[in-house]
Amino acid sequence: MSTILIIEQVLNGLQSGVMLFLMAAGLTLIFGVMGLINLAHGSLYMVGAFAAAAVAGATGSFLLALLGALVAAAVAGVLVEMLVIRRLYAADHLDQVLATFALILIFSEGTRLIFGSFPLYLDIPDWLSGPVTLPGGIQYPLYRLALIGAGLAVALTLWALIERTRIGIQIRAGENDREMIAALGVDISRLYTLIFALGAALAGLAGALVGAIQSVQVGMGEPVLILAFVTIVIGGIGSIKGAFVGALLVGLTQTLGSVFLPAFFRLFLDPATAMSVGSSLANMAVYILMSLVLIFRPTGLMGARA
Amino acid sequence: MIRERHLNILLLAGFLAVPLYALAVDEPFTITLATRAAILALAAVGLNIALGWGGLVSFGHAAFFGIGGYSMGILAFHAQNYMPLDLGFAVLEGTKSMPVIWLVATLTSALAALAIGALSLRTSGVYFIMITLAFAQMFYYFAISWSRYGGEDGISIYVRNEFPGLNTLAPIQFFGLCFAALLLALWLNARLVASPFGLALNAARQVPVRVQTVGLDPTRLKLVAFVISGAITGLAGALFADLNRFVSPSMFSWHLSGELIVLIILGGVGRLMGPVIGAILFVALDHILGGWTTHWHIALGAILLGVVLFARGGVIGLLCGPKGQA
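These protein sequences, in sequence, are chains A and B.
Using the working numbering, read the first sequence as starting at 1 and increasing by one per residue.
Using the working numbering, read the second sequence as starting at 1001 and increasing by one per residue.
Read the hints as simulated data drawn from the structure, not as lab findings.
Note that the Cβ used here is the ideal one computed from N, Cα and C, for glycine as well.
Among the hints, erroneous ones may be present.
What the hints assert, rightly or not - Among chain A residues calculated to face chain B with C-beta under 7 Å, some are:
#1 His-93
#2 Phe-101
#3 Leu-105
#4 Glu-109
#5 Leu-113
#6 Tyr-287
#7 Leu-294
#8 Ile-295
Stated by the list, open to error - Just a sample of chain A residues kept apart from chain B, beta carbon distances all over 12 Å, derived:
#9 Thr-3
#10 Ser-61
#11 Leu-94
#12 Gln-139
#13 Glu-175
#14 Asp-177
#15 Met-180
#16 Ala-183
#17 Val-233
Chain A with its partners taken away, still in its complex shape (with noise of 0.2 Å):
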């Protein structure tokens, strides 16, 4: 086992870690501020990387697919907020489960409907395909690179919004303590709305920057969905620095444990046994790590003491 391959697979790790944290970052928030389960983030996820298709294959630019994405899902984020979400935030937890798994049958459905059930692709651009060499030699993709930068980009920006900025403040204020900052005069539908479409937008961005490594389809929400849900469980629901770093344990041990278990295995097992042991295990990994913090820390590893 080379250096060369545990960088590459840790940079991998990385790329669908910060992926995975535009996902948990808009899903944690909403949970925080407004006390919403969203099932139907992955939805938005998915309305993005169609966006992103729809507009690759009609301008021919990246970019304009990229903006395209984010509007997309932003909007299909208010419209679903101010018809739907607006209605369940003083329900219970079982009524918005429920209310939005029936989004997600609505959106799968609907996105079937107008563009039918063969998958799409979003080509990656000339100016970001093509391997790149590291330091040391190593061949690694020029987008799976832009991806952690863009990732880590979002990061800063939203850490940048949420401690530097009056919406920010207004922000952490909704999760403390929301009848409060209502009675000081925020409107608060406004902010719950804001927070539901910036939200929505960063899933669809991530949907429309995975779509173009994977294929854009009905249904490539619900597997990031789950993922996310992880992700900001193991972080402590309603901490973005939780969502961060969740995400990033998350990605690490979802693409090594894929590589690695295995060929731990394979050290006492027959091949065959060890590829069929270590890949099972390397996919409960996820879960077990889950299960794990919640039972020693029954509120995720950032969360606030119950």
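With chain A held as given, fit chain B onto it using these hints.
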């Protein structure tokens, strides 16, 4: 408003009448649909004990459904291939006998529910929803990579398992078995709710602190409810596998967990017959709307949204008024 007891009797009579009518006019497919509804109802009755009375929003009951399914799949697989299962300390022949399979399915899913429940009940609220989901996902991925039993392709069982004295290949007789299992579970559910345990469980959902002050342990009450719940859903899984003569990892999928919750909410949470109405509606909608358009999930989604936003309490709530009045 109809009285809930009257509605329940009417409903069960109607449920029984449909396959009998189908038998009379020789429409075996309708009997299969009714069997499917009965099995889904059984699974949801199981979940309703945890969700409706225990207040435990389990988003991972597919785990027990799948364990029940795989219990059937593995036992029947070894029996049909004449390939004994070597456990190291004992050698199992496998079996095609339904009663044995049911017993194994119920016991293994109860054991799994005990382990999952004991760990998950350390958390609550949203964390409980997510940790139960995580456990179900673990089983899902485990089943996918378990190449000995088909991995992603699952296990096909060529002939339906046997029940002494019955011909299970006749759709109406298999329906009878599933319906009987459903009635048994409903009876158990009703007895449970009226028992001292059920009353304590109800209280543990509403005000755990008070339950604690009278000397009962709310977590233990909820754990017992979770185990019973998992066992019933596991039995449903074994029956479902026998209905399709096929087991695959999709029985563990989170969609199934979601659908079980959907059934209960459609019918009415914490109502004895809620899951039954929900399952009948779900299978009927699937069949009717699904025959009309492949995009029927849009309609299902809209109906669900309508129920959550405007018809709290589901169908039973709509017909009989809020809980506790009828």
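Going through the hints against the structure:
1. Taking 7 Å as the C-beta cut-off, the interface hint given for His-93 of chain A holds, the closest approach to chain B being about 6 Å.
2. Taking 7 Å as the C-beta contact cut-off toward chain B, the hint placing Phe-101 of chain A at the interface holds, the least distance being around 5 Å.
3. The restraint placing Leu-105 of chain A at the interface with chain B holds, with a minimum CB-CB distance near 3 Å, inside the 7 Å limit.
4. Hint status for Glu-109 of chain A relative to chain B: holds, with the closest Cβ pair at about 4 Å, below 7 Å.
5. For Leu-113 of chain A, the interface hint holds, since its Cβ comes within 7 Å of a Cβ in chain B; the closest pair sits about 5 Å apart.
6. Of the supplied interface hints, the one on Tyr-287 of chain A holds, with its beta-carbon coming within about 4 Å of a beta-carbon of chain B, less than 7 Å.
7. Checking Leu-294 of chain A against chain B: minimum C-beta separation of about 5 Å stays under 7 Å; hint holds.
8. Given the 7 Å rule on beta carbons, the hint for Ile-295 of chain A holds: about 6 Å separates it from the nearest Cβ of chain B.
9. Look at Thr-3 of chain A: its CB is around 29 Å from the nearest CB on chain B, clear of 12 Å, so calling it non-interface holds up.
10. No Cβ of chain B comes within 12 Å of the Cβ of Ser-61 of chain A; the nearest lies about 32 Å off, and the non-interface call holds.
11. Distance to chain B contradicts Leu-94 of chain A as a non-interface residue, since its nearest Cβ pair spans about 5 Å, not more than 12 Å.
12. A cut-off of 12 Å between C-beta atoms confirms that Gln-139 of chain A is not in contact with chain B; the least separation is 31 Å.
13. For Glu-175 of chain A, the condition that its CB be more than 12 Å from all CB atoms of chain B holds, with the nearest at approximately 15 Å.
14. Against the 12 Å criterion, Asp-177 of chain A stays outside the reach of chain B, whose nearest CB is about 19 Å from its own CB.
15. Under the 12 Å C-beta cut-off, the non-interface status given to Met-180 of chain A relative to chain B holds; the minimum distance is some 22 Å.
16. Look at Ala-183 of chain A: its CB is around 26 Å from the nearest CB on chain B, clear of 12 Å, so calling it non-interface holds up.
17. The Cβ of Val-233 of chain A sits about 5 Å from the closest Cβ of chain B, inside the 12 Å cut-off, so the non-interface label is violated.
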